[in-house]
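Student: This is what each chain is made of:
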Amino acid sequence: MLDRHDERDGRSERERPLRPTADEMGGSLEREVPLSPVAAPDVINRWLDGELSEPTGLRGDAARSVEFWRRLGEETDKRRRMMTPVHLSAKIMDALPPLATPARSVEPWYRKEVRMNPAVAFAAGAALFTLGIIVAQALLR
Amino acid sequence: MKTTVPASPIDQLEADQEIITKVLAGDRNSFGVLIQRYSDPLYRHALGMTGSPDVAEDILQMSFIKAFQHLSEVRGRFDAWVFRIVANGCKDWLKNIRRTHLSYEEDDQPTSYATPAEELDRTELRDDLDVALGQLPPSLREAFIMKHVEGRSYEEMADLLGTTVGALKMRVHRAREALQALLEEKYA
Chain A
7 MLDRHDERDG
17 RSERERPLRP
27 TADEMGGSLE
37 REVPLSPVAA
47 PDVINRWLDG
57 ELSEPTGLRG
67 DAARSVEFWR
77 RLGEETDKRR
87 RMMTPVHLSA
97 KIMDALPPLA
107 TPARSVEPWY
117 RKEVRMNPAV
127 AFAAGAALFT
137 LGIIVAQALL
147 R
Chain B
12 MKTTVPASPI
22 DQLEADQEII
32 TKVLAGDRNS
42 FGVLIQRYSD
52 PLYRHALGMT
62 GSPDVAEDIL
72 QMSFIKAFQH
82 LSEVRGRFDA
92 WVFRIVANGC
102 KDWLKNIRRT
112 HLSYEEDDQP
122 TSYATPAEEL
132 DRTELRDDLD
142 VALGQLPPSL
152 REAFIMKHVE
162 GRSYEEMADL
172 LGTTVGALKM
182 RVHRAREALQ
192 ALLEEKYA
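So the sequence lines, in the order shown, correspond to chains A and B. Residue 7 is where the first sequence starts when you use our numbering, and the numbers rise one by one after that. Residue 12 is where the second sequence starts when you use our numbering, and the numbers rise one by one after that.
The hints are simulated quantities; they were obtained by calculation from the structure and are not laboratory data. Treat the hints with caution; some may be incorrect.
Stated by the list, open to error - Not everything, but these chain A residues come out facing chain B in the computed CB check (under 8 Å):
{"id": "1", "residue": "102"}
{"id": "2", "residue": "136"}
{"id": "3", "residue": "141"}
Claimed, not checked - Footprint (simulated), chain A over chain B, 3 or more residues, beta carbon under 8 Å:
{"id": "4", "stretch": "30-42"}
{"id": "5", "stretch": "54-63"}
Unchecked claim - 25 Å max Cα-Cα, derived PhoX-like pairs, lysine-lysine:
{"id": "6", "chain 1": "B", "residue 1": "102", "chain 2": "A", "residue 2": "97"}
{"id": "7", "chain 1": "B", "residue 1": "77", "chain 2": "B", "residue 2": "102"}
{"id": "8", "chain 1": "B", "residue 1": "102", "chain 2": "B", "residue 2": "33"}
{"id": "9", "chain 1": "B", "residue 1": "33", "chain 2": "A", "residue 2": "84"}
{"id": "10", "chain 1": "A", "residue 1": "84", "chain 2": "B", "residue 2": "197"}
{"id": "11", "chain 1": "B", "residue 1": "77", "chain 2": "B", "residue 2": "33"}
{"id": "12", "chain 1": "A", "residue 1": "97", "chain 2": "B", "residue 2": "180"}
{"id": "13", "chain 1": "B", "residue 1": "197", "chain 2": "A", "residue 2": "97"}
{"id": "14", "chain 1": "B", "residue 1": "77", "chain 2": "B", "residue 2": "106"}
Where a beta carbon is used, it is the ideal one built from N, C-alpha and C, also for glycine.
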């Protein structure tokens, strides 16, 4: 509570009792009641977001909120350590479909690599030789 | 076999790309390394979103199969790409649940566990948190789970969800407020 420095009630600071009277308490106590009993105060959200260390010295609803989130934190920590059931990996692997065949090449035939072996070379040579004879005969007629 | 995630994001990206190249070349067993590497955070996400271990398993299986079939389309980080597949799978499941008018609370709450031992193992708070999470809109639930269960930073969340840090902070704060309103009476 803030100290009052005015002397509107006619008493000096020394004359005023240490505890406020019932009339004096009324307004200030009402203001301390939170508007919503479940609204998490900003300080608690910032603590839960890791921006602040655990708040201490809170009272009333704020203190209960801290206790509530501490309990809930124990439960969420347990969940964070949960593992996938051991059988699941094998089950997924067994259910995998066959690998899709690679897409057909769209490369044109004239750009494709030519693989030559002796048989292919001999056949190509023979074909060219035959073609040459046919062309020569046609020209000589 | 548990494969550790490489230290830096660049190492991770390169390591994943290497595996993807192997898989695309026909080594399908290498895909298992990617499953081992990323299944835990993805499973936690699916479980948090659906509240059902069986559904989470199904979503994870379907997502990895989809990832395998479209592996040649991966550009950039594999973990971010596969996360989006899982996250969309969860959202689709939630949409279908609503469309078919099934009660989420009755049908797919994690109280329907496989064994009584698993059920006994669950604490009251865990059950209540699942029910409360089930009452949040999917976007708030997703943000809360990514922040509190998966332990991601707002920057990482923004990167994965394609939204801003400010929008995500707002969602997480609203989720906290809603969860506190739902659970406070019993636990505060």
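Student: Could you tell me which of the numbered hints above are not met by this structure, giving the numbers in increasing order?
Tutor: Violated hints (numbers, rising): 2, 3, 8, 9, 12, 13; every other hint is consistent with the structure.
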